[in-house]
Amino acid sequence: MTGAVGTVSRDAEEHPRAVEGRAPDVFSRDGFVPMRQWPEEEPVDFAIVGTGCGGGIAAAKLAQAGFSVVAFDAGPFWRPLADFASDEREQDKLYWLDERISGGNDPISLGSHNSGRCVGGTTVHFQMVALRFRPEWFAARSRLGYGVDWPVDWRVMWKYYAEVERACSISGPVRYPWGPPRGRYPYRAHPVNAAGLVLARGAEALGVPWSPMPVATVSAPRGKSPPCAYRGMCKIGCSTNAKQSILITYIPRALAAGAEIRDLAMVARVETGRDGRVCGLHYHRGGQWRYQRARNVIVAGYAIETPRLLLNSASPQHPQGLANSSGTVGRHLMVHSNHAVWGEFDEEIRFYKGPPLLAVCEHWNYADGDPSRDFDGGYAIMSQGPLPIDYASCLVSNTGVFGTELRRRMALYNRMAGLKIVGETLPQPENRVTLAEETDGFGIPKAHVSFSYCENDKRLFRHSLRFMDRMLRAAGGRNLYESEATAHLMGGCRMGHGPDDSVTDSDGRTWDVPNLFVCDGSLMPTGGGVNSSMTIMANSARIADRLVALGKRGEL
Amino acid sequence: MSDFRTPYPGYDVLAKWASPSWNDQTRQVVRERLLNIPRPRFFNEAEWSVLTALCDRIIPQPERAEPVPIAPFIDAALFEGRGTGTRFAEMPPDGAAWRQGLAALDAEAALRFGGRFAGLTAERQDAIIAAAVAGDVTAPAWEGLPPRRFMRGLVLLEIVAIYYAHPAAQSEIGFGGSTSPRGYVRLDAGRFDPWEAGPGIWPDREP
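Chains as they are written, first to last, in the working numbering: chain U, 1 to 556; chain V, 1001 to 1207.
Certain hints may be false.
[Claimed, not checked] Partner residues aside, some chain U positions facing chain V, computed with beta carbon under 10 Å:
no. : residue
1   : Gly6
2   : Val8
3   : Asp11
4   : Ala85
5   : Glu99
6   : Ser112
7   : Pro180
8   : Glu347
9   : Lys353
10  : Thr399
11  : Gly403
12  : Leu406
13  : Glu438
[Unchecked claim] Cβ pair distances, simulated, as ranges:
no. : chain 1 : residue 1 : chain 2 : residue 2 : range
14  : V       : Trp1017   : U       : Gly441    : 30 to 40 Å
15  : U       : Lys224    : V       : Gly1144   : 28 to 38 Å
16  : V       : Glu1063   : U       : Asp376    : 45 to 55 Å
17  : U       : Gly441    : V       : Gln1028   : 39 to 49 Å
18  : V       : Arg1041   : U       : Asp153    : 57 to 67 Å
19  : V       : Gln1028   : U       : Ala549    : 48 to 58 Å
20  : V       : Arg1031   : U       : Gly31     : 48 to 58 Å
21  : V       : Ala1015   : U       : Ser28     : 25 to 35 Å
22  : V       : Gly1114   : U       : Asp469    : 26 to 36 Å
23  : V       : Ala1096   : U       : Ala474    : 40 to 50 Å
Because the hints were derived from the structure by calculation, they are not lab data.
Built from N, CA and C at the ideal position, the CB exists for glycine as well.
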């Protein structure tokens, strides 16, 4: 496994901080808050693996309902005010840097832009885009004719979007141009920076709507969070706590409600009893292997670690891996295609200022009847604001430029603007997570990820490249070039209508094991054409409420 | 290709070191980077000579008496086993890929020009790098190491990640640098806060 990565606060990467009845106070530089601790020998109501969009929300809501909860995270428990630097390379410490093996026809890059490894998960480094699914996507098969239907009605999801948007104090526009009305965003929209206004100019020239982006960083004070200072370092961790990550929203609520968080705790295997039910989990913390007993286990490790853990938890009762009698665990892994067009402008844009994605065009998520539309699914177009290393990485990996020409093109950094899509890819069974033969430093088999675009995925991103090319030229861009990448991970343990082709029911309960649940992005049956965070959060909040209701009825 | 000229001569992100744009932890990170150049521990002498020659051609710095060090940080990351999160299935693990790739660049130099990579002229080194970036190399030493993936997915990424982490590189592109905690007020095109670089010098935009 990767050792300590950062220079600042290396102790947080090497020694657990949430111990001895207290956990880091994320709003302080070196303080603690009280933390209830639960014994390992007594079964807790819920042992939760992961503390991001899924596990963090489940931990808070279940603890608030009175359940005993212990949530495990493989990564450190940061205090952003003291531990984060304005430095891209230092902040690599937020990412899941352990080796995963990536194959298929279009192998995906893993790590910085799709996997977090700390309490709070990827939300600590996400770019805060807070969009909702289009309602029809929850019934993509029956209403739009592609993919599969979710086992959840869009109106239920709509209610939970509103809940998590309030919980994270989303700053958004007064009127959002697409989809059915949504209530007011809790905080007013941020001013749109120069990079966002490039998108606005392009959209207006082509006659399509655009909008200021709803984002999860506050535009006015909220509790101990100051308003966003437009530092532009969102993707490497917010050091002022303006960003409303899970780390500073749901985690403190979970602790206050009596949940225990165990940081630097890598869960290797979920244990099964003779009756086939799960009874606890094996984890590594503080230099030794430990065992926590549990009445219920919720796996919330995201689209790679969740399938990896279930597959590595095979037992005589579950020889193919836990919850995998249908062979579905690990399958239907999706990404968002992240194709982009970049151009030079006469004026200096300086896209390092402000949250990186401040304008959005969702036209192609809704324009069903357009004759140029030759693909299923959708894509959103967003303005861009990469920091220097991020931008240089995009430039060299896509163009192969090096030498003086590389330095010259990087010197145009302040005059660049870009448009990038979050493009839907279709669920395919062969895009999947499996266990490799090689093991990691804990002796756990490494994840092998296989990904290939299908023809529809390719038609979609080619369409987007043509459109963004026109848009960026119309906005005044010159010397355009294209780049390709992927963002986000979804699927891998999808929920569905029956045990033959899904892993869980709509409550996240695995079809095979009644006291084993999944609650994270791996549940997503389709990916949609918007960033997945809010959908994962809304779905997790919904599942947590369902678990509380099931518990009250004695059906857990 | 003429030598590189920065649009922002005289601008230095470090000039804000004692201002509200820098906090202690950012100062700690950058001080460490500037003062503690790691000594090579991962690569052997032959590999090291190819690596330093390679870094010099990916980021040529003829105008600097003391070029921004790159190779020592590549070596340190590999020695410390700092992961990147991805190993492409067609590639060996990072450390093995670097060793093989550097040997293959040397083998390619012998094949094409009858010399060691480090001893070639800059033009010939560039020709080999360009061929590797394009996947257009023939030395048997590349067997099992896809050259295009090696160059674009590992070498170039690591080199730019190290170079553009350095204040000198950030200054030459006019990046605002550290923003801890002070961020920005002026977000419109062509408008700058006093703690940013002033307008750049752009030959293609002279009136």
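- Among the hints numbered above, which are violated by the structure, and what are their numbers in rising order? The structure breaks hints 3, 7, 15, 17, 20 and 22; every other hint is satisfied.
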